[in-house]
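Undergrad: My request is simple: use the sequences and hints to build the entire structure.
Protein sequence lines correspond, in order, to chains Y and L. In the working numbering, each residue's number is its place in the first sequence (first place is 1) plus 781. In the working numbering, each residue's number is its place in the second sequence (first place is 1) plus 236.
For the record, the hints were derived by calculation from the structure and aren't laboratory data. It cannot be assumed that every hint is accurate.
FRET-style restraints, in silico, Cβ to Cβ [to be verified]:
1. L/Arg378 <-> Y/Tyr815: 44 to 50 Å
2. L/Asp508 <-> Y/Ala802: 31 to 37 Å
3. L/Ala358 <-> Y/Tyr815: 22 to 28 Å
4. Y/Arg821 <-> L/Trp374: 35 to 41 Å
5. L/Gln381 <-> Y/Val808: 42 to 48 Å
We put the beta carbon where it would ideally sit given N, CA and C, even for glycine.
What follows is the residue order along each chain.
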Amino acid sequence: MSMTPEEEAEFRRRQRSRNIALGLVLVGFVLLFYFITIARIGSH
Amino acid sequence: MEVSTTTATRLPAEWQDFFALTKPRVMSLVVFTGLCGLLAAPGHIHPVLGFTAVLCIAMGAGGAGALNQWWEADLDAGMKRTAGRPLPQGKMDRTSARDFGVALSVASVLIMGLAVGWLAAAILALSIFYYAVIYTIWLKPRTPQNIVIGGGAGAFPPLIGWVAVTGEITWMPVLLFAIIFMWTPPHFWALALFVKTDYAKVGIPMMPVVAGEDATRRQILVYSILLLPLSATPWFIGGAGPVYGIAALVLSGAFLLLSLPVAFRKRTGAEDAMKPEKRLFGFSVLYLFALFAALVADRLIWGQGMAS
Numbered sequence: 782m783s784m785t786p787e788e789e790a791e792f793r794r795r796q797r798s799r800n801i802a803l804g805l806v807l808v809g810f811v812l813l814f815y816f817i818t819i820a821r822i823g824s825h
Numbered sequence: 237m238e239v240s241t242t243t244a245t246r247l248p249a250e251w252q253d254f255f256a257l258t259k260p261r262v263m264s265l266v267v268f269t270g271l272c273g274l275l276a277a278p279g280h281i282h283p284v285l286g287f288t289a290v291l292c293i294a295m296g297a298g299g300a301g302a303l304n305q306w307w308e309a310d311l312d313a314g315m316k317r318t319a320g321r322p323l324p325q326g327k328m329d330r331t332s333a334r335d336f337g338v339a340l341s342v343a344s345v346l347i348m349g350l351a352v353g354w355l356a357a358a359i360l361a362l363s364i365f366y367y368a369v370i371y372t373i374w375l376k377p378r379t380p381q382n383i384v385i386g387g388g389a390g391a392f393p394p395l396i397g398w399v400a401v402t403g404e405i406t407w408m409p410v411l412l413f414a415i416i417f418m419w420t421p422p423h424f425w426a427l428a429l430f431v432k433t434d435y436a437k438v439g440i441p442m443m444p445v446v447a448g449e450d451a452t453r454r455q456i457l458v459y460s461i462l463l464l465p466l467s468a469t470p471w472f473i474g475g476a477g478p479v480y481g482i483a484a485l486v487l488s489g490a491f492l493l494l495s496l497p498v499a500f501r502k503r504t505g506a507e508d509a510m511k512p513e514k515r516l517f518g519f520s521v522l523y524l525f526a527l528f529a530a531l532v533a534d535r536l537i538w539g540q541g542m543a544s
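TA: The following block contains the structure:
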C-alpha cells in the first residue's frame, strides 16, 4: 500500500482541492440558511 | 505498471468528478424549466426563497443523476456517449457515487421543505424517486416505453417551481408537466435514432431497437402532433396570454414540420448522415427553452394573476 512520492503528492493535492471545495459548499450553506432565516422571519 | 492501475482507484476522486455525476448539462434544462415555473406562477415568493427552491430542484436533479450513474456504471462503460463518465473511467468508486447521490437528494428535499414548503418538497422527493428508482432501476431496462415513462421525471421541475410559489397544485402546473411529458419521447427518440447502435450493444430496449426504426419514426410524429394543441392549451384555458399562445403554436408548428421528414424517411444505409434526426433533436432543446421563456415573458407582459 506504499505510495511513491509522486503518488503521495497527487494524493495530497486531490485531498486538498476536495477539502477546499467542500469548505466552500459549507460556507455557502451557512450563508443560505442565514438568508433563509431572515426571509422567513421577515414574512411573518 | 501494475502500481499505476491500482493507485488509480485508490486516489480520492476530484471534486470535478462529483460535479460530473450531477449531469450538469441536463441540469441546465431542469434549472431553467423549474425557474420558469416559479416565475410564471401567480403570486409572490421572496427572492431568497425562490433562489432556494431552484437550488433544491437542481440539487435534487443532481442527486438523481448521480444515483442513475451509480446504478448504470456498467452500461455506461459500454456506450461511446457515456464511457467518459467518472465511474466507467474508474475515477471514483461506486459507493462514493451512491452516497453522494443519496446525500444530495435528501438534503434537497429537507431544505425545500424547511425553507419553501412541504408540498413542493414532497413533489421533489417523488420526482427523485421516479427518476432514480421507477425509471432507472425498474423500467428503463425492461420496456421500450421507458422514455415515455422517464419523460415524467424531467417534467417535474416546472411543477415544483410553480408549487413553491402557490403552495397548491392547479391545472396550469399540471399542463406544464404534460407538455414536457409529451415533448420527451420525440426529443429522445430523435437522438436514439442516430445513436441506436450504442443502446443495442448494452441491451437497453430503446424503441428503435425493439420496435424498429419505422415504428419509432411514426411515434415521433404522433407525439409531435399531440404536442401542438397541448402546448397551446394554457392559452385556451386562460392560464397564459397570447404572447405565450402564439409562441407555442409557432414553436410546436416548427417542431411538427421538422418531425415530418423524420417520420416519412428511411435510413439510406450505414453511411446515412441522419441530418433530419439531428436537426429535430437540436431544435427540440431550443423548443423547450423558447417555450418556457415565452411563458415567463407572457406573464411579465400581461402580468397579474390570470386563472391558475
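Undergrad: A separate judgement is required for each hint: does it hold in the structure or not?
TA: Verification of the hints:
Restraint check, L/Arg378 to Y/Tyr815: a C-beta distance of roughly 46 Å satisfies the suggested window 44 to 50 Å. With their beta carbons about 44 Å apart, L/Asp508 and Y/Ala802 fall outside the hinted range of 31 to 37 Å. A beta carbon spacing of about 26 Å between L/Ala358 and Y/Tyr815 agrees with the range 22 to 28 Å that was offered as a hint. For the hinted restraint 35 to 41 Å between Y/Arg821 and L/Trp374, the CB-CB distance of approximately 38 Å keeps it satisfied.
Distance hint check for L/Gln381 and Y/Val808: the Cβ-Cβ separation is about 45 Å, which falls inside the suggested range of 42 to 48 Å.
Checked against the numbered hints above, the structure violates only hint 2.
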